[in-house]
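**Student:** Here is how the chains run, residue by residue.
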Amino acid sequence: MQLKTQTRPKVISVLVMEDRIDAATAIQFKERMRDVTKDAPARVVLDLARVQFLDSSGLGAIVAVKKLLGPDRALELSSLTPTVEKVFRLTRMDTVFTIHPSLEVAVASAASV
Amino acid sequence: MPPQPVSDHDPRRSSLTLVFQADPVSIRQALQGMLTCPPLSCLRGEDRGMAELVLAEVLNNVAEHAYAEAGGKVEIRLDGDPRGLRCLVVDEGREMPGGQLPEGRLPCGPYVALDDLPEGGFGWHLIRSLCADLAYARVDGQNRLAFVLATGS
Numbered sequence: 000m001q002l003k004t005q006t007r008p009k010v011i012s013v014l015v016m017e018d019r020i021d022a023a024t025a026i027q028f029k030e031r032m033r034d035v036t037k038d039a040p041a042r043v044v045l046d047l048a049r050v051q052f053l054d055s056s057g058l059g060a061i062v063a064v065k066k067l068l069g070p071d072r073a074l075e076l077s078s079l080t081p082t083v084e085k086v087f088r089l090t091r092m093d094t095v096f097t098i099h100p101s102l103e104v105a106v107a108s109a110a111s112v
Numbered sequence: 000m001p002p003q004p005v006s007d008h009d010p011r012r013s014s015l016t017l018v019f020q021a022d023p024v025s026i027r028q029a030l031q032g033m034l035t036c037p038p039l040s041c042l043r044g045e046d047r048g049m050a051e052l053v054l055a056e057v058l059n060n061v062a063e064h065a066y067a068e069a070g071g072k073v074e075i076r077l078d079g080d081p082r083g084l085r086c087l088v089v090d091e092g093r094e095m096p097g098g099q100l101p102e103g104r105l106p107c108g109p110y111v112a113l114d115d116l117p118e119g120g121f122g123w124h125l126i127r128s129l130c131a132d133l134a135y136a137r138v139d140g141q142n143r144l145a146f147v148l149a150t151g152s
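Protein sequence lines correspond, in order, to chains A and B.
Numbering-wise (numbering that gives the first Met the number 0), the first sequence opens with residue 0 and increments by one.
Numbering-wise (numbering that gives the first Met the number 0), the second sequence opens with residue 0 and increments by one.
A couple of the hints might just be wrong.
[What the hints assert, rightly or not] 16 Å max Cα-Cα, derived EDC-like pairs, lysine to aspartate or glutamate:
(1) K85(A) x D115(B)
(2) K66(A) x D46(B)
(3) K85(A) x E91(B)
(4) K72(B) x D46(B)
(5) K66(A) x D114(B)
(6) K72(B) x E91(B)
(7) K3(A) x D34(A)
(8) K9(A) x E103(A)
(9) K66(A) x E30(A)
(10) K9(A) x D71(A)
(11) K66(A) x D115(B)
(12) K66(A) x D34(A)
(13) K9(A) x D38(A)
(14) K3(A) x E30(A)
(15) K3(A) x E17(A)
Source of the hints: derived by calculation from the structure; they are not laboratory data.
These numbers were taken from a predicted model, which means no experiment stands behind them.
Given these sequences and hints, build the entire structure.
**Tutor:** Listed below in structure tokens is the structure:
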């Protein structure tokens, strides 16, 4: 599970370099996210532009990362592909996460706070 | 152009049967293989993504619950039909609790506290949202789950 991180003053962005987060990789994803966000600032943006497939295990892992970050740091999402967007919508998890159309929008919104 | 007659060789009407081990890595490989062959390869865009999602959820349930992550054989049969993709998944694991399919209610409502957010329990909701004619039977020590995936969106 490869993740590419970019740190800015108030926000860290994490690009998932894989095309799927599924039952075979969900635990690994959660552990890698825990590592890369250890010293994260108040906002973490997870860029899912390359993820074409997310199942319920992958979704559960993303929720777990949000919980790991705790109440003082936000996990936001950006660049959902259509199939991934539909998984969030069908499970109503789109009401739990702030979802940005692109990383640029997500970063601009984080910087403006 | 008039509609093309549907011949016996129409790939949309193909059938595919696959037998493999029910573990996450084998399931991922089987899904990727299935998606490149008819009838799944005939599906477009969202239909294809949703078909992959339902099959992944059903197969991962077999691995996680029917076989309790101890491994076992699972067989899947797909029958293409212009009205939908008929699917049958057969395993020799434990019976569904109470001999019934889970209701698939969402694990939480809106405005739930951070600590109470669910990290699982989405699978059956997704399956029930995306397929029709779900039927479960326990026959001769086998679980047989049949369903239809709507196509042509």
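**Student:** All the hints need checking, so say for each whether the structure fits it.
**Tutor:** Hints and how they fare:
Between K85(A) and D115(B) the CA atoms are separated by roughly 23 Å; this puts the pair beyond 16 Å, and the hint is violated. In summary, the hint linking K66(A) to D46(B) is not supported, as the alpha carbons are separated by about 32 Å, beyond the 16 Å threshold. Proximity of K85(A) to E91(B) is assessed by CA-CA distance (about 32 Å); at most 16 Å being required, the pair is judged violated. As the CA atoms of K72(B) and D46(B) are separated by approximately 27 Å, the hinted pair breaks the 16 Å bound.
This hinted pair checks out: K66(A) and D114(B) have alpha carbons roughly 6 Å apart, not beyond 16 Å. Of the pairs offered as hints, the one joining K72(B) and E91(B) holds, with about 7 Å between alpha carbons and a cut-off of 16 Å not exceeded. Distance restraint check for K3(A) and D34(A): the Cα-Cα separation of roughly 12 Å lies within the 16 Å cut-off, and the hinted pair is therefore satisfied. Between K9(A) and E103(A), the direct Cα distance comes to roughly 14 Å. Compliance with the 16 Å bound is thereby established for this hinted pair.
With a C-alpha separation of about 13 Å, the suggested pair K66(A) and E30(A) falls inside the 16 Å cut-off, and the hint holds. Distance hint between K9(A) and D71(A) is fulfilled; the C-alpha atoms sit about 13 Å from each other, no more than 16 Å. For the hint pairing K66(A) with D115(B), the CA-to-CA distance comes to about 9 Å; that is within 16 Å, so the pair holds. Restraint check for K66(A) and D34(A): the C-alpha separation of about 14 Å stays at or below 16 Å, so the hint holds.
For the suggested pair K9(A) and D38(A), the alpha carbons sit about 12 Å apart, so the restraint of at most 16 Å is met. Pair hint K3(A) plus E30(A) holds up; C-alpha atoms about 14 Å apart against a cutoff of 16 Å. The hinted pair formed by K3(A) and E17(A) meets the criterion: a straight-line CA distance of about 10 Å does not exceed 16 Å.
Comparing the model with each earlier hint shows violations of hints 1, 2, 3, 4; every other hint is respected.
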